[in-house]
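Asks: Following the hints, put chain P in place on chain H, whose structure we already have.
Top line first, the protein sequences correspond to chains H and P. Numbering-wise, the first sequence is residues 1 to 366 according to our numbering. Numbering-wise, the second sequence is residues 1 to 361 according to our numbering.
Don't read these hints as lab results, they were simulated from the structure. Given the structure is predicted, the values throughout are model-derived calculations rather than measurements. Any given hint might turn out to be false.
Said to hold, decoys possible - Cross-link-like lysine-lysine pairs, in silico, DSS-like; alpha carbons within 30 Å at most: (1) P:K176 x H:K149; (2) H:K228 x P:K316; (3) P:K361 x H:K166; (4) H:K333 x P:K176; (5) P:K182 x H:K228; (6) H:K73 x H:K106; (7) H:K166 x P:K281.
As the list claims (entries may be wrong) - Just so you have them, the derived chain H footprint on chain P, three or more residues with Cβ under 8 Å: (8) 189–203; (9) 233–247; (10) 306–312.
Note that beta-carbon positions come from the ideal geometry of N, C-alpha and C, so glycine has one too.
Residue strings, one per chain:
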Amino acid sequence: MSLSLERIDKVVGREIHLKDINLDLESGSRNVILGRTLAGKTSLLRIMAGIDRPTRGKILIDDKDVTGVSVRKRSIAMVYQQFINYPSLTVYKNIASPLKIAGAKKEEIDRRVRETAEMLHIENLLARLPAELSGGQQQRIAIARALVKNAELLLMDEPLVNLDYKLREELRIDLQEIFERREAIVVYTTTEPAEALMLGGNIVVIDEGRILQTGTTSEVYRNPSTTKVAEIFSDPPINYLSGSVQGERVHFAGGVELALVDHMQGVSPGPYTFGVRSNHLTLSQTSNEDTVLRGTVELAEINGSETFIHVQYDNTRLVVQEDGVHHYRIGSKISIFVNPGRFFVYDTDNKLVASPTRAYITNSLQ
Amino acid sequence: MAQIELRDVAHSYYANPKDESDYAIKRIHDQWEDGGAYALLGPSGCGKTTLLNIISGLLTPSQGSVFYDGTDVTELPPEKRNIAQVFQFPVLYDTMSVFNNLAFPLRNRGVGEKEVKKRVLEVAEILDLSPFLNKRAAGLAADAKQKISLGRGLVRSDVAAILFDEPLTVIDPHLKWNLRRKLKEVHEQLKLTLIYVTHDQVEALTFADQVMIMYEGELVQTGTPQELFENPKHKFVGYFIGSPGMNFLPCTLEGNIAQINGAFIELDDETAVLGNKIKGKLEIGIRPMFLECHAASVAGGIATRVKAVEDQGNFKIVTVTLAGHTLRARLPEDQAVPGNEAWLRFPIQWTKLFADGRLVK
Numbered sequence: 001m002s003l004s005l006e007r008i009d010k011v012v013g014r015e016i017h018l019k020d021i022n023l024d025l026e027s028g029s030r031n032v033i034l035g036r037t038l039a040g041k042t043s044l045l046r047i048m049a050g051i052d053r054p055t056r057g058k059i060l061i062d063d064k065d066v067t068g069v070s071v072r073k074r075s076i077a078m079v080y081q082q083f084i085n086y087p088s089l090t091v092y093k094n095i096a097s098p099l100k101i102a103g104a105k106k107e108e109i110d111r112r113v114r115e116t117a118e119m120l121h122i123e124n125l126l127a128r129l130p131a132e133l134s135g136g137q138q139q140r141i142a143i144a145r146a147l148v149k150n151a152e153l154l155l156m157d158e159p160l161v162n163l164d165y166k167l168r169e170e171l172r173i174d175l176q177e178i179f180e181r182r183e184a185i186v187v188y189t190t191t192e193p194a195e196a197l198m199l200g201g202n203i204v205v206i207d208e209g210r211i212l213q214t215g216t217t218s219e220v221y222r223n224p225s226t227t228k229v230a231e232i233f234s235d236p237p238i239n240y241l242s243g244s245v246q247g248e249r250v251h252f253a254g255g256v257e258l259a260l261v262d263h264m265q266g267v268s269p270g271p272y273t274f275g276v277r278s279n280h281l282t283l284s285q286t287s288n289e290d291t292v293l294r295g296t297v298e299l300a301e302i303n304g305s306e307t308f309i310h311v312q313y314d315n316t317r318l319v320v321q322e323d324g325v326h327h328y329r330i331g332s333k334i335s336i337f338v339n340p341g342r343f344f345v346y347d348t349d350n351k352l353v354a355s356p357t358r359a360y361i362t363n364s365l366q
Numbered sequence: 001m002a003q004i005e006l007r008d009v010a011h012s013y014y015a016n017p018k019d020e021s022d023y024a025i026k027r028i029h030d031q032w033e034d035g036g037a038y039a040l041l042g043p044s045g046c047g048k049t050t051l052l053n054i055i056s057g058l059l060t061p062s063q064g065s066v067f068y069d070g071t072d073v074t075e076l077p078p079e080k081r082n083i084a085q086v087f088q089f090p091v092l093y094d095t096m097s098v099f100n101n102l103a104f105p106l107r108n109r110g111v112g113e114k115e116v117k118k119r120v121l122e123v124a125e126i127l128d129l130s131p132f133l134n135k136r137a138a139g140l141a142a143d144a145k146q147k148i149s150l151g152r153g154l155v156r157s158d159v160a161a162i163l164f165d166e167p168l169t170v171i172d173p174h175l176k177w178n179l180r181r182k183l184k185e186v187h188e189q190l191k192l193t194l195i196y197v198t199h200d201q202v203e204a205l206t207f208a209d210q211v212m213i214m215y216e217g218e219l220v221q222t223g224t225p226q227e228l229f230e231n232p233k234h235k236f237v238g239y240f241i242g243s244p245g246m247n248f249l250p251c252t253l254e255g256n257i258a259q260i261n262g263a264f265i266e267l268d269d270e271t272a273v274l275g276n277k278i279k280g281k282l283e284i285g286i287r288p289m290f291l292e293c294h295a296a297s298v299a300g301g302i303a304t305r306v307k308a309v310e311d312q313g314n315f316k317i318v319t320v321t322l323a324g325h326t327l328r329a330r331l332p333e334d335q336a337v338p339g340n341e342a343w344l345r346f347p348i349q350w351t352k353l354f355a356d357g358r359l360v361k
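So here's chain H without its partners, still in its complex pose (with noise of 0.2 Å):
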């Protein structure tokens, strides 16, 4: 199966809740739908669902229209934030319900509700009532519920936002090995850089109800194409300095100043903003080209496996991400290196000019 949004437009009232989206989905295609809260990312979820009707657009199954088609007709599975369950039915039948709704024999239920149960390691629970069981395995189920019936179109609205941590990081293992193993078209939304890399496949990065960029997630993580992508997909956010490029240096406020090298090679004099995430700042110097910048601890962020240093530097907050768990005293001086290959240059429009793995273009076209 193939699915297309076409040119759609959704306005609801006075707000432009999505605007001018052109997607073409394949079956067994994972695809992440990265942005921010209320990006429209649920918004295009109930579009694709057919929930809701586009304002403007088509949307096209195998080239056929149906945006007009009620969702009852669609083999659709959507799994939502919340978890979402019949509170007076047992686990077993919870699940069962997409089937019996179907018709299929009672052979048929009973051997894939037991075959999806265990997909989700929920096989001992069958007899139980939702309200009996943690959060986790509330999801859990309803997301048994979506994957039995093998809908086409398997739909994820951020469905593990609702969940502790290390729930999280469980239902993310298990699902990732699922979506293998399905022929659908997965669409999945988060906010989360982390979650969409995980899941990998390709990504449609969205800000304000409109595309900003598509294409493989690990392409989109390694070169996004404005400074807006960048801080969407950057979590610590990416920290940004502002340059001056005269000649074959850059100049940063503050003082330093660097050659341009590598991929910033040949980049043409004018203001600049330069950025890096913050697992490319250190507090060691790993290379014999790396920059110094002096600056305050803020707060130190830990999470878990790793400390978040928030770091006051010429009027820039900058965050600094390091290996394991570590203790830094508010208001103390902090040494932070960078090397400058590792800098995304973006020009005045917020384009990206060059990369770490994509060097500067010299176009005298432009």
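Replies: Showing chain P alone in chain H's frame:
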């Protein structure tokens, strides 16, 4: 400010508890030093809110006693314990100004207006609330409201401790770091006893000097964030702190070599001596970050089959199987990615031994 001590505290919500599993708090004997910043961290249902309520006096424990600076307060209600609390949702008077909200706890205790004004202005300054003092609380954003809730605790000079129960739940993610920073500053400046309850490791580890990990009604480890990460004393701590959690492999021990179905892993001598004396189920534990994973054969490397490689952008998680067990290794960005096979090395200083779930040390 006070030192808080729990002596053999246990609590059951049942009138006649029969066995261990009927207890929400199993047996806690611990103390919170005056002026310390503590976090109580654990998954939902581990008993952390029950414990907080016992400390604050909202709940009288079924067994044991609670001491503040050496005085038994077990039977005293919260208002007699001089405890301030900040809950998940801001608790304040919407129709009152920020100033009056902050002044309320003092006026309630009959403090003179001159002193009220002095304290309120001081606290507002610390919390960056000075520009809002004349505004009505109703119109403010969630983070400002939560700062007022905190401020209502801080204005009282007699407060023994401030207890926080998941205070950042309603705060937008990008504002959280700001509040975390503010809490740390408040602690540095005022040296109050702060106890912070959460299920979120980032909040606990960022906020506290000492983190207490709760699991099934027990405090399984108290330590600095670094200690919990590097030296978990209980399997649960290894699992719960860090993403992904610690790897565990059942093993037998011969001399200082741990054996896992034909694979041999060296332990340090001290651990091995202790391990050989202990009876119980033995397991090796190592963090994914410390487990070396090589794309080609290396000296002392154990060959394993690669199950999956996940690109996390700035690192990769390699999942391998070793003698039927799944292990995860965190591969730095610039290191070669293994194909079907990977060779593992277990650095001796990061390879821990656990017996019946507890660190051998």
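Asks: What's the verdict on P:K176 and H:K149, does the C-alpha distance respect the 30 Å limit or exceed it?
Replies: violated, 41 Å
Asks: Decide if the proposed pair is consistent with the structure: H:K228 and P:K316, CA atoms, cutoff 30 Å inclusive.
Replies: holds, 25 Å
Asks: Under the criterion that the straight-line Cα-Cα distance not exceed 30 Å, is the pair H:K166, P:K281 satisfied?
Replies: holds, 25 Å
Asks: Test coverage of the stretch 233–247 of chain P by chain H using CB-CB distances below 8 Å; three residues minimum.
Replies: holds (count 7)
Asks: Taking 8 Å as the C-beta cutoff, is the stated coverage of the stretch 306–312 of chain P by chain H satisfied by three or more residues?
Replies: Satisfied; 4 residues make the cut.
Asks: When you check the alpha-carbon spacing of P:K361 and H:K166, does it fall within 30 Å?
Replies: Between P:K361 and H:K166 the Cα gap is close to 27 Å, so the pair holds against 30 Å.
Asks: Under a C-beta cut-off of less than 8 Å, do 3 or more residues of the stretch 189–203 of chain P approach chain H closely enough to confirm the stated coverage?
Replies: With 4 residues closer than 8 Å to chain H, the stretch 189–203 of chain P meets the three-residue bar; holds.
Asks: Hinted pair, alpha-carbon criterion (30 Å max): H:K333, P:K176. Please report holds or violated.
Replies: Holds, at roughly 23 Å.
Asks: Check whether the Cα positions of P:K182 and H:K228 lie no farther apart than 30 Å.
Replies: Answer holds: P:K182 to H:K228 is near 28 Å, not above 30 Å.
Asks: Is H:K73 within 30 Å of H:K106, Cα to Cα?
Replies: Holds. H:K73 to H:K106 sits at ~23 Å (cutoff 30 Å).
Hint check: a violation occurs at hint 1 only; the rest are consistent with the structure.
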